[in-house]
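Novice: Chains as they are written, first to last, in the working numbering: chain A, 1 to 386; chain B, 1001 to 1366.
The hints are simulated quantities; they were obtained by calculation from the structure and are not laboratory data. Don't take every hint at face value.
[Stated by the list, open to error] A few chain B residues facing chain A, derived, Cβ under 10 Å:
(1) Ala1018
(2) Pro1136
(3) Ala1158
The beta-carbon is built from N, C-alpha and C at its ideal position, and this holds for glycine as well.
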Amino acid sequence: MTLLYEAQIDGPVTHAFIVGCGRYPYLQANHAADRRAPVAGAIALANMLLEDRARLVAPLGSLEMLLSDPTVNDGSMDVGNVLGDEVLTTLVEPADEQHFRNRGDEWLGRIRPGDAVVFYFSGHGIADRQGGAVGLLEDIKSKTNRPWAQSFSASNLSQALQTLNPASAWVFFDACQEIVAEFAGRLWEVKNIDLKEVSLADITGDVCEPLALAGARTGHLAWAPVDFEPPFFTQVLLKGLSGCCVERTQSHGWAVTGKMLLFGLRQLGETMFDEIVVRPQPILPYSDIQALMTVAQPFMHLTVRSIPEIHLTQMASVQVKQQDLEIMSSVAAEFVWRVDINLEDRDLTVECVCQEGAVPLAPQTFRQQAPSCLVTLRPAPAEDAA
Amino acid sequence: MQVVFVHGVNNRDLGDGAYEKMTRRRADRFNRLAFDQTATIRFPYWGKFGLAEKSLLSLPTSKGQTQTLGTLVAPATLADRASIVAAAKADFPGVVASLSVAALDAVSSSESEAERHSVEDFWMAAARYADARPIPSWLSNLHSEDELGERLAGEVGASRRVESLGVGWLPKLPKLDPVAIAAGKARDIAAPYLAQFLGDAMMFFARRDQSDHVRAEINGAILAAAMVADDNNEPLVLIGHSMGGSILHELLTDANNIALLEERLKRPLKIDLLLGVGTQVGLFAELKQFSASKSGRPLGVVVDHYWNVYDYADTLAFLSEPTIAGVVDFEISTSAGLSTAHNAYFDNAFFFSRLNKRLKDAGLLA
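Working from the sequences, and respecting the hints, build out all of it.
Specialist: Here you go:
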């Protein structure tokens, strides 16, 4: 049993399949490939879908989940109460080949035309010979004669989803797309897990275009914090879904849309962290007009820096103003000030209150827009400083 | 503050003035960067009793055969440039530490006091910046070594609020050559040092008649410093680098030596700070090389603070905390220079900036 949530609702619903794989006993010796972040990422997204299920354009119909946590030796994982008290079970099955096939089949079996479908994977990943994203499951390399069979192609899965005629399909792949010579050098195409076979005729009909995003570009690595926090792309995704990758839609008002996720997550990923720049990449072309979640109060993520960045630490405070009205101000001297501001159609100005002896920074005005804005302050010209 | 600095192995006064110049400049650097100009520093010289440098006949030397194999010089140079940027992205403080070591080492021989001070001050500010900001936001988009230099210079200039002077006066980034060091120079640098170390360590622990001269030399400096510290109500700080740390530990453990010191002091000896830098004290304690203290405590005298500073890249530096009660280990790591790390502490701006802060935190400096 790994179905965590199921609701009987008339009309279109959202069916989610969330996989967090951080336990890789066969991939490298001494558990060197084990990671906790994918489990944290999967739990965080599941939590958001459960808590905010009313915000989904098509309300949550089911949530299927697989987790392989390196702190649990093998088998299922008891997640306790981290997903709230409305889940059907706290015992989550492992993200291995068998469970991925079985639960994946059940997940696909629930999808009816007009539903929305969400797939999320976080774990280790590689690129196949066509440059497609491949997710590795717990028992990867466990079979001597078929070492890479315990994996799936995110590109194939995305294409398969569109042939089920959902209204919208959303695939988020937070894993590396590393080029591994051993995989790329197979004489035959690796026969890994395809949850559905797809014919040419299937994809030439009137099908939706899934928004399928990978957290890293082909040939590049995805990154995650070492502690039990979601991987960085997942953090950006969660932020975007929470209300900043938004646009105003005719049907749903403010909503998180495919277009904003496609273009906004990259912009957001460039401003959220100091240690890493997240550069997502689409797995399939996308040009649909679809919304995933509605947002009552959209916001914009603002990042303020200075060049040199040490100047900002010498300010008494940093303020965001609408004309003369202070909207927000920083409370402590920092190298970078990050703040979320309600999104409105207006110009805002970032101004600094200078400490005595510090180099004054010139104010900067910007137009508010989703999802984020990076304001870089520079020393004021000499005449202004005087 | 009264300070006694006990040097490690490989310190030899050849009578050409170089040793005297080195100690004078080291005293100036310690006083300016760590002690806020409050210290009188004594440098007892015990190298004259150690292994004679010319005795190193058993050392093989590099013939250079391996250097013609592989990709020659140009690719290595390119690799260096790429590696410093990559290393900075992985460990920014470590790279700043390594660069400061290279810069301060290079400027140590300058006859211009103003130039020495300017470079020291720049890297002290860089160390403080890197400590406060271990992952600068501009680092992830860094592409070249020149850009690293410009951004670091900009941040340091801004931190000292001297940006209007322009950047022309800022010292350029020193060049690191980790590939060359790894390829052929490491052994040439490390092996003589190891030989000196083995010789001096064996002399000190196994040849008591010879080591008595060393003890007398160090005791004299400790007594002089302790008397002045007592008269002026100043802190007494003992610093031991490498083998110097082991010598100090032994002198402050050996009951007969302590009795001798206290008889001449006419009071119990009390040390405010015993600072080991890149020492083997922890290893020798584990090997039971030190005298047993009568007090049952690790040391036979009262020591308020016993700190041990080590660099992970320094293969001759050992932890003391696991083997000696009361010692606090502090890591001060560089990201390059495996073969030179043992001698790099006093060219590392992080060493001085963090020591200065810890002295203030401990109440030893105002």
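Novice: Please go over all the hints and tell whether each is borne out by the structure.
Specialist: Here's how the hints hold up against the structure:
{"no.": "1", "hint": "Ala1018", "in the structure": "39 Å, violated"}
{"no.": "2", "hint": "Pro1136", "in the structure": "6 Å, holds"}
{"no.": "3", "hint": "Ala1158", "in the structure": "4 Å, holds"}
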